[in-house]
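Make the full structure from the sequences, and use the hints.
Protein chains in written order, with full-length UniProt numbering: chain A, 1 to 260; chain B, 1 to 260; chain C, 1 to 260; chain D, 1 to 260.
Because the hints were derived from the structure by calculation, they are not lab data. A hint or two may mislead.
[To be verified] Looking from chain B toward chain A, a few residues come up when the C-beta cut is under 10 Å (computed):
#, residue
1, A8
2, R10
3, K14
4, E65
5, R66
6, G68
7, A70
8, L112
9, I116
10, A229
11, H246
[Claimed, not checked] Chain D residues, not near chain A, derived (Cβ > 12 Å throughout):
#, residue
12, K14
13, A35
14, L67
15, R86
16, G129
[What the hints assert, rightly or not] Okay, the calculated bits of chain A under chain C, using three or more residues with CB under 8 Å as the criterion:
#, region
17, 140–148
18, 161–169
Don't be surprised by glycine CBs; every beta carbon is placed ideally from N, CA and C.
Given next are the chains, with one letter for each unit.
4 protein chains.
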Amino acid sequence: MTGEVNEAFRIADKEFGSRLILGTGGAANLAQLEASIKASGTEMVTVALRRVDPSGPGGLLELLERLGVAVLPNTAGCYTAEQAVRTARLAREAFGTDWVKLEVIADPDTLLPDAIELVSAAEKLVADGFTVLPYTNDDPVTARALEEVGCAAVMPLAAPIGTGLGLRNPHNMSLICERARVPVICDAGIGTASDAVRAMELGCSAVLLATAVTRAENPELMARSMRLAVESGFAARHAGRIPRRHLARASSPEEGVADL
Amino acid sequence: MTGEVNEAFRIADKEFGSRLILGTGGAANLAQLEASIKASGTEMVTVALRRVDPSGPGGLLELLERLGVAVLPNTAGCYTAEQAVRTARLAREAFGTDWVKLEVIADPDTLLPDAIELVSAAEKLVADGFTVLPYTNDDPVTARALEEVGCAAVMPLAAPIGTGLGLRNPHNMSLICERARVPVICDAGIGTASDAVRAMELGCSAVLLATAVTRAENPELMARSMRLAVESGFAARHAGRIPRRHLARASSPEEGVADL
Amino acid sequence: MTGEVNEAFRIADKEFGSRLILGTGGAANLAQLEASIKASGTEMVTVALRRVDPSGPGGLLELLERLGVAVLPNTAGCYTAEQAVRTARLAREAFGTDWVKLEVIADPDTLLPDAIELVSAAEKLVADGFTVLPYTNDDPVTARALEEVGCAAVMPLAAPIGTGLGLRNPHNMSLICERARVPVICDAGIGTASDAVRAMELGCSAVLLATAVTRAENPELMARSMRLAVESGFAARHAGRIPRRHLARASSPEEGVADL
Amino acid sequence: MTGEVNEAFRIADKEFGSRLILGTGGAANLAQLEASIKASGTEMVTVALRRVDPSGPGGLLELLERLGVAVLPNTAGCYTAEQAVRTARLAREAFGTDWVKLEVIADPDTLLPDAIELVSAAEKLVADGFTVLPYTNDDPVTARALEEVGCAAVMPLAAPIGTGLGLRNPHNMSLICERARVPVICDAGIGTASDAVRAMELGCSAVLLATAVTRAENPELMARSMRLAVESGFAARHAGRIPRRHLARASSPEEGVADL
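Structure, rendered in structure tokens:
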């Protein structure tokens, strides 16, 4: 028993040293994004096809290549399975990767996933050879359905995108983690470090976040905080926390102690 | 704006690099305690006079000296101001330090502080030249009273000792941190890493814990988790978190995006 | 402005005086169920076709008829849309009503709804002339989909059936209530009275519960408690609660007060 | 076992049919206050000596007398034991009652009680023949001290006065209720009906609130809601709630059911 955990974080055939995945949306500029990526220690970053011109020079992709960080294209802005599948295929061409963060959104107010379209798109993309990482709600049944159609991970939200509300339903997140046989990545809704720690303590394999870092007052500092948070939460889960007790328990028992 | 915070953690005239203080109670043996202290990065450890024979060889004090860790004697097991003052004076002789973690407990079931006896003891010890760090409940008024009688820090509980219940009243902890002009150290009740992060996010300067580490299944690993937690929470507070929002906000806005 | 609210609770073409719907599952015997129904003030009770022999004498249906309480057949125990549709049709024959509480469950451990099968079954039953009240998860997107296929109400869970965990995700419940144009009925997971009050405060039109009453130590007393809870929460929502404040506000201001 | 509870609510030698006590502070006018008092069903109302001219005609006291509601003078606005004791004595003269709601406040921002001054004032007033109902923080040790000096009840806050934050520390409130041998009345911080229900479910004998009703948009309706809330929570506690479960439990078990 030592202070280290020997448990790799593997998605499909790829192993990661970092359990933090960053989104790029909301970053003020490339310099800030570079500082945040370095401070976060991340090894994979999501990129919206709709926002990036992959052929353009001096941009985001060059930066990610220079930093040795993997690109995970997403299908942000897609409202139907058909749109998402088409976007994923374009992204495969543009970015030269068959990994995709699958997003199929139901409406612009909540940006919540449309479970029915999502499962349908996931099934098609898996059949088409993609490594699919679907952004989903926190419903354990939808998570299982995504796993059963062959997704390489499931990525339930903590709360709606950009709300910073943190883990709205720890019970559902627990149920998902207990039952999943693929990595569970907490995606969306993280506001601050303690949210990320709790997700890891509940059993998530990794955390994906964007605006919590990119829109913080000091993105680089928050990126560093999140790196520590994810490591801390992972260690805490494996360290076996003490049980919760209703009444107190002295850490310094008094038995056999001289009366002063 | 960079990824570092330049804010020292100072109690009285002493500056600390680590914002984690460990209790020794509950440790299975010295080897385990040594591993935990190293993994935690702590620079100060509390010791119960009633449990330790300071003159004994090969024991706890030798270990702490070898590790270069400061000793903070506590008055665990005292039920009145008079007992606590007497114990503090014995500890000063025994350990050669005028620092004291002041505990005055009301009853063995809750181990909660007795606010009235506590303030009285603090006043006497300050007058006697002690650097007093009182373990208190989470009442903002008692915290202020302790500050006003000259305590060098205030140490409100997250929850009763050994319960592992985490921060029972974040609102009170916030009020204490906003109003204090001495360091606020969250003491007791921490169960896991996310509890420590939240305490730091709310404005605590440091966290003191014992059983969360010493009674974890893997104390060394939990000690490492807590070190990361305290750093993460401190960074998160200074990084300026995003506001909480009821509705979603896209991290990848769609304006000006081609329709696929 | 008076102490009454003039807002009827209407599902389809039927108006209800009570905003509490009871499930019969778990009741120890008919006498206890009768006492609970009376104490609850409910006007509609769910009945599992699979558990009841509608043609049998002296049973549940006779009791409900005698008490003048409407029967809402459910499709408990169905795992596919096809099963549920078939069960609903049998129930229509057996109970002489085209109202149905639609349940399509994904697995026996969580008893959570299968959103995809549920929406599919709802669509078929609406087309077949049923008044459909679907038991659903707390996903706002699924709730909207059920409304769009023509359900007469949506019935999101507070927590999984029989857990008594109360409202696991108040944020989702709020989003559902804000956006729905049909009644939202909180269904499943209620453990105690405060859970029911919170559901009503968040905007639910009614609460449906079974085991919270039938398996309480004193079912009749808990039924009475739930009746009061639902009325209290409904009144509180319409009364316009005070805003939450971080600092205190005197109820008895001191301005112009003589110094004693 | 029936739907009623036979447990009287008694303070000192007085028995009350209602477990709701109202404060008058914040009421817009006497007509509104009258409507709220009637809707609440309360039998005792607190009055600030500093705000009321007991000899004035047509005022609050006439109203309370006409409604047959007992007056409980409070010592609002007192910052020391001495002030509070003096105010209590003036109130005894003015209102002709030796009952007093004892408030000793530490500062105007939080309006939190000063535990040390409070216990000191309580002791003096008990010795002087008063029936003392002290407004206190939620510290179980202070609650016990107040009981030990002879208070007729203890009245811990849910949250600071006027904040509407609800029960900030249910664990402390539980500890107080479990250990008290006098009635525990939850006083201050209630915002809405569910807060009152939870206080009663945790074991409080009654709830005292003012601004939650007087400053609600519709005070009369909120008063009615609070009456129902207090009754509901009291019944729920005595009804013996179901245990919380991590996994689901069918209310309609399927054993012995025909396969459709």
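Hints versus structure:
The criterion of a C-beta within 10 Å of any C-beta in chain A is not met by A8 (chain B), whose closest approach is roughly 17 Å, and the hint is violated. A cut of 10 Å between beta carbons decides the hint on R10 (chain B): the least distance to chain A is about 21 Å, and the hint is violated. Hint status for K14 (chain B) relative to chain A: violated, with the closest Cβ pair at about 23 Å, above 10 Å. The closest approach between the C-beta of E65 (chain B) and any C-beta of chain A is roughly 20 Å, which is over the 10 Å cut-off, so the hint fails.
For R66 (chain B), the shortest C-beta to C-beta distance to chain A is roughly 19 Å, which exceeds 10 Å, and the interface hint is violated. Interface hint at G68 (chain B): violated, since its Cβ lies 19 Å from the closest Cβ of chain A, which is beyond the 10 Å cut-off. Hint status for A70 (chain B): violated, given a least beta-carbon distance of 18 Å to chain A, over 10 Å. Given hint, L112 (chain B) at the interface with chain A, holds; its Cβ is 7 Å from that chain's nearest Cβ, closer than 10 Å.
With a cut of 10 Å, the hint placing I116 (chain B) at the interface with chain A is violated, because the nearest CB-to-CB distance is about 19 Å. The beta carbon of A229 (chain B) is positioned within 10 Å of a beta carbon in chain A (closest approach about 4 Å), and the interface hint is therefore held. Taking 10 Å as the C-beta cut-off, the interface hint given for H246 (chain B) holds, the closest approach to chain A being about 7 Å. Every Cβ of chain A is farther than 12 Å from the Cβ of K14 (chain D); the closest lies at roughly 33 Å, confirming the non-interface assignment.
With a minimum CB-CB distance of about 38 Å to chain A, A35 (chain D) clears the 12 Å threshold, and the non-interface call stands. Remark: the non-interface label on L67 (chain D) is consistent with the geometry, its nearest Cβ contact in chain A lying 42 Å away (cut-off 12 Å). Distance check for R86 (chain D) against chain A: the nearest CB is about 39 Å away, which clears 12 Å, and the non-interface claim stands. Chain A leaves G129 (chain D) outside its interface by the beta-carbon criterion, the shortest separation being 37 Å against a cut-off of 12 Å.
Only when three residues or more bring their CB closer than 8 Å to a CB of chain C does the claim for the region 140–148 of chain A stand; here the count is 5, and the claim holds. Counting residues of the region 161–169 of chain A whose CB lies closer than 8 Å to any CB of chain C gives 3, which reaches the minimum of 3, so the coverage claim holds.
When the structure is compared with the earlier hints, violations turn up for hints 1, 2, 3, 4, 5, 6, 7 and 9 and for no others.
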